[in-house]
Amino acid sequence: MAETDQALPPSDQLAAMNLTDTVEKHAFSDRVLIRSIVGRPDGGAGLAGQRVRAGGWVKTGREQGKGTFAFLELNDGSCPANLQVIVDAGLAVLSKLVATGTCVVVDGILKVPPEGTRQKIELRVEKVVSVGEVDPAKYPIPKTKLTLEFLRDHLHLRARTNTIAAIARIRNALAFATHSFFQEHNFLYVHTPILTTSDCEGAGEMFQVTTLISESEKLEKELIKNPPPSEVDIEAARQVVSERGEAVKQLKAAKASKSEITASVAELNKAKENLSKLEERSKLKSGIPKKDGKIDYTQDFFARQAFLTVSGQLQVETYACAVSNVYTFGPTFRAEHSHTSRHLAEFWMVEPEIAFADLQDDMNCAEAYVKYMCNWLLDKCLDDMQFMAKSYDKGCIDRLRMVASIPFVRISYTEAVELLEEAVKGGKKFENEVKWGIDLASEHERYLTEVKFQKPVIVYNYPKGIKAFYMRLNDDLKTVAAMDVLVPKVGELIGGSQREERYEVIRERILEVGLPLEPYEWYLDLRRYGTVKHCGFGLGFERMILFATGIENIRDVIPFPRYPGRADL
0 MAETDQALPP
10 SDQLAAMNLT
20 DTVEKHAFSD
30 RVLIRSIVGR
40 PDGGAGLAGQ
50 RVRAGGWVKT
60 GREQGKGTFA
70 FLELNDGSCP
80 ANLQVIVDAG
90 LAVLSKLVAT
100 GTCVVVDGIL
110 KVPPEGTRQK
120 IELRVEKVVS
130 VGEVDPAKYP
140 IPKTKLTLEF
150 LRDHLHLRAR
160 TNTIAAIARI
170 RNALAFATHS
180 FFQEHNFLYV
190 HTPILTTSDC
200 EGAGEMFQVT
210 TLISESEKLE
220 KELIKNPPPS
230 EVDIEAARQV
240 VSERGEAVKQ
250 LKAAKASKSE
260 ITASVAELNK
270 AKENLSKLEE
280 RSKLKSGIPK
290 KDGKIDYTQD
300 FFARQAFLTV
310 SGQLQVETYA
320 CAVSNVYTFG
330 PTFRAEHSHT
340 SRHLAEFWMV
350 EPEIAFADLQ
360 DDMNCAEAYV
370 KYMCNWLLDK
380 CLDDMQFMAK
390 SYDKGCIDRL
400 RMVASIPFVR
410 ISYTEAVELL
420 EEAVKGGKKF
430 ENEVKWGIDL
440 ASEHERYLTE
450 VKFQKPVIVY
460 NYPKGIKAFY
470 MRLNDDLKTV
480 AAMDVLVPKV
490 GELIGGSQRE
500 ERYEVIRERI
510 LEVGLPLEPY
520 EWYLDLRRYG
530 TVKHCGFGLG
540 FERMILFATG
550 IENIRDVIPF
560 PRYPGRADL
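Heads up: the sequence shown begins at 0 in numbering that gives the first Met the number 0, then just goes up one per residue.
Simulated from the structure, these hints should not be mistaken for laboratory data.
Source: prediction; values computed, not measured.
Careful, some of the hints might be misleading.
Here are the simulated BS3-like pairs of lysine-lysine, each with C-alpha atoms no more than 27 Å apart in a straight line [what the hints assert, rightly or not]:
#1 Lys454 <-> Lys393
#2 Lys24 <-> Lys289
#3 Lys454 <-> Lys424
#4 Lys119 <-> Lys65
#5 Lys248 <-> Lys276
#6 Lys271 <-> Lys257
#7 Lys65 <-> Lys95
#8 Lys144 <-> Lys95
#9 Lys293 <-> Lys220
#10 Lys119 <-> Lys393
#11 Lys290 <-> Lys217
#12 Lys282 <-> Lys217
#13 Lys379 <-> Lys466
#14 Lys119 <-> Lys389
#15 Lys220 <-> Lys290
#16 Lys488 <-> Lys393
#17 Lys276 <-> Lys254
#18 Lys271 <-> Lys254
#19 Lys434 <-> Lys451
#20 Lys451 <-> Lys466
#21 Lys454 <-> Lys379
#22 Lys95 <-> Lys110
#23 Lys269 <-> Lys293
#24 Lys434 <-> Lys393
#25 Lys393 <-> Lys58
#26 Lys58 <-> Lys137
#27 Lys24 <-> Lys65
#28 Lys224 <-> Lys110
#29 Lys282 <-> Lys293
#30 Lys379 <-> Lys119
#31 Lys370 <-> Lys451
#32 Lys144 <-> Lys58
#33 Lys428 <-> Lys379
#34 Lys289 <-> Lys224
#35 Lys95 <-> Lys126
#36 Lys254 <-> Lys224
#37 Lys24 <-> Lys144
#38 Lys454 <-> Lys434
Go ahead and model the full structure; you've got the sequences and the hints to work with.
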C-alpha cells in the first residue's frame, strides 16, 4: 500500500485497494471456491457487493430470529476456513439446511458483516439452488469432536471432518512439492511396476499375486457341473476313431469318388479332435496345480511367482543407468503383521536415483528435498498447518521452520553408537541394547535427533550385515555406503545409499545374503554393461506427513489405510 493510503480510515483503505477486485468461478464448475473468497489477505472483505454462487457442506447450522433465518457455516474443502451463509426462511425450509453434513448450493451477494463479528465477509443468500439433505439422527459424522480412531470406521465420510480434510490438502501439497523439486532439478519421473518378481529388500514379507486360487475354484465348479470323461468314454471315442479310420481305408481300396473319401476323412478328423478333447479334459484335476510336491507356478498367470512391490528402486535403477537422474513415486506394499502406529500394509514411497553420484551427493539431495518440502508447506499450506498446530501439535510449524533453515548434522554409524553408549553410561535407559552392529531402533534414532542434537541427523556408513545387498561395500569391508535421515517426531524419514556398481562385488553380496542369482541377472547386467557410479534413497511419504503435522498414527495420514484385518473400501 502506498504511504498516502495509510492515513485513510480503514473503510476507505479497503475501497482504495479493492475497487477492481473480482472473484473468479472455478474453471470447471458453476461456482466459486470458498478459498477464493475467505482465503484472501483481507478475508474476503474486498469482494463485498459481488454476486456469487457457492457450494459446500454445512459444518454447523442454526436457526435464528425465531426461525426467520439461518446461519450456515459452509465448507467445500478448498481451505480450512468456512464461509458464513445467511438464508431467509422465505427461500427454503430452514430445518432441511441446518443439519451438519447437508450439501447446499446457493446464489447470493457478499456483504461485510456488522463490526465485532469474527467473519470478514458473509454471503446473503438470494436463491437456494440445490440441497442434499441429511438425517441428523442417522448421520455418523456429527459436529461433535470425534476421535481419529472412530473416524477410521467411517473412511467414506471422514474427509468431511476438518482434520482429515486438512491432512488431505497437506498431503496434496507435499506430493506437488515432490514433483516440483525433482522436476526443477532435471529428474525424469518414471513409473515402476506394482507387480514384481523380485524382492528389493530381501525381507520376504511380500503380498503374493496369483490367479491359481481363483482358477482352481473356477475349475472345481466346472468339473462339478460337467464331470471329466471316464475311461469308458475315452475308450468309446478311441473305437470311433478306429472305425472312422477303417472306413477311410476301405473307401480308398475301393477307389471311391474323391468327394466320398473327403467326407470320410472329415469324419475321421472330427473323431480324432473329439478324442483329443476328451483326453485333455480327463487330465483336469481340482485343486492348485503341483509338480514334484510343490506348487507349479508355471501354470500361474505370469508363469512364475509374482508379488506386490516393496520398492520401485531396483527397476528405476535401470533408467538411472540410461537417462541419469530419475525418480519414482508410488504405492508399495509390505505383508508385515504389525499393528503399530508407524506401519501400514500399503504406503507410498518417493525414490530418486542419481547417476554419476556418490553417498555425499545422496545426502545432499535428501537434505535439500526435505528442506524444500518444509518450505513449500510454510509458503503454500500455512492455514492448514496453523490448524494442525492449534488442534494437534503446537510445535509443528516451528519444527518445519527449524528443519528448513539449519544444516543437518552428519555422523557415522560408529559415532552414533558411541553417542548412544555414552548416554547409557550417563543413565539413559533404552529398551533395545546398544552395541555396534545393531539396527538402530526408533528410540535410538529419536534420542539422537530430538535429545542429543535437537535437529535432523544423517547417519551414514552402516554395518553391511543390517543393510541390503545392493549397497556399496566400503573399503573397510565391514560397512556399506548407506545413510538414514533422522528427524524429530518420527525418527527415520529417509533411507538411502550409494549402490554397488562393481559386478564381482555385488554378485558376491547377493550370494552372501542367501538370495538366488537367477532373478537378479537383469540387475547384474547393469553392472556388466556400462556400469556407472550411482546412488539413491527412499522417503516414506506418510512418515513425512506425520513429521509435518504431528499426527500420531500413520493410519490417519493416508486416505484409505490398509493394515492387518482392515482394507475398507
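The hints, checked one at a time:
A C-alpha spacing of about 17 Å is found between Lys454 and Lys393, which places the hinted pair at or below 27 Å, so the restraint holds. For the hint linking Lys24 to Lys289, the alpha-carbon distance of about 63 Å lies beyond 27 Å, and the restraint is violated. For the hint linking Lys454 to Lys424, the alpha-carbon distance of about 23 Å falls within 27 Å, and the restraint holds. Between Lys119 and Lys65 the CA atoms are separated by roughly 25 Å; this keeps the pair inside 27 Å, and the hint holds.
For the suggested pair Lys248 and Lys276, the alpha carbons sit about 24 Å apart, so the restraint of at most 27 Å is met. Simply put, Lys271 and Lys257 have alpha-carbon atoms about 21 Å apart, close enough for the 27 Å limit, and the pair holds. Note on Lys65 and Lys95: the hinted pairing holds, with a Cα-Cα distance of about 16 Å set against a maximum of 27 Å. About 22 Å separates the Cα atoms of Lys144 and Lys95, which keeps this hinted pair within 27 Å; it holds.
Restraint check: the Cα-Cα separation between Lys293 and Lys220 comes to about 23 Å, which is no more than 27 Å; the hinted pair holds. With a C-alpha separation of about 26 Å, the suggested pairing of Lys119 with Lys393 holds against the 27 Å cut-off. For the hint pairing Lys290 with Lys217, the CA-to-CA distance comes to about 20 Å; that is within 27 Å, so the pair holds. With a C-alpha separation of about 16 Å, the suggested pair Lys282 and Lys217 falls inside the 27 Å cut-off, and the hint holds.
At roughly 37 Å between alpha-carbon atoms, Lys379 and Lys466 are farther apart than 27 Å, so this suggested pair is violated. A hinted pair counts as satisfied when its Cα atoms are at most 27 Å apart, and Lys119 with Lys389 qualifies at roughly 21 Å. Between Lys220 and Lys290, the direct Cα distance comes to roughly 23 Å. Compliance with the 27 Å bound is thereby established for this hinted pair. At roughly 13 Å between alpha-carbon atoms, Lys488 and Lys393 fall within 27 Å of each other, so this suggested pair holds.
Proximity of Lys276 to Lys254 is assessed by CA-CA distance (about 32 Å); at most 27 Å being required, the pair is judged violated. The straight-line distance between the Cα atoms of Lys271 and Lys254 is roughly 24 Å, inside the 27 Å bound, and the hint therefore holds. A C-alpha spacing of about 18 Å is found between Lys434 and Lys451, which places the hinted pair at or below 27 Å, so the restraint holds. Taking the CA atoms of Lys451 and Lys466, the gap is near 25 Å; set against the 27 Å cutoff, the hint holds.
Of the pairs offered as hints, the one joining Lys454 and Lys379 holds, with about 23 Å between alpha carbons and a cut-off of 27 Å not exceeded. As the CA atoms of Lys95 and Lys110 are separated by approximately 24 Å, the hinted pair is consistent with the 27 Å bound. Between Lys269 and Lys293, the direct Cα distance comes to roughly 37 Å. Violation of the 27 Å bound is thereby established for this hinted pair. A hinted pair counts as satisfied when its Cα atoms are at most 27 Å apart, and Lys434 with Lys393 does not qualify at roughly 35 Å.
Annotation: proposed proximity of Lys393 to Lys58 holds, straight-line Cα distance about 24 Å (limit 27 Å). In summary, the hint linking Lys58 to Lys137 is supported, as the alpha carbons are separated by about 16 Å, within the 27 Å threshold. A distance of roughly 35 Å separates the Cα atoms of Lys24 and Lys65; the hinted pair therefore is violated under the 27 Å criterion. With a C-alpha separation of about 72 Å, the suggested pairing of Lys224 with Lys110 is violated against the 27 Å cut-off.
Proposed proximity of Lys282 and Lys293 is supported: the alpha carbons are some 18 Å apart, at most 27 Å. For the hint pairing Lys379 with Lys119, the CA-to-CA distance comes to about 21 Å; that is within 27 Å, so the pair holds. About 21 Å separates the Cα atoms of Lys370 and Lys451, which keeps this hinted pair within 27 Å; it holds. Our distance criterion of 27 Å between C-alpha atoms is met by Lys144 and Lys58, whose separation comes to about 12 Å.
Pair hint Lys428 plus Lys379 does not hold up; C-alpha atoms about 41 Å apart against a cutoff of 27 Å. For the proposed pair Lys289 and Lys224, the alpha carbon gap of about 23 Å is at most 27 Å, so the pair holds. Proposed proximity of Lys95 and Lys126 is supported: the alpha carbons are some 15 Å apart, at most 27 Å. For the hint linking Lys254 to Lys224, the alpha-carbon distance of about 46 Å lies beyond 27 Å, and the restraint is violated.
A hinted pair counts as satisfied when its Cα atoms are at most 27 Å apart, and Lys24 with Lys144 does not qualify at roughly 33 Å. Restraint check for Lys454 and Lys434: the C-alpha separation of about 23 Å stays at or below 27 Å, so the hint holds.
In this structure, the hints that do not hold are numbers 2, 13, 17, 23, 24, 27, 28, 33, 36, 37, in rising order.
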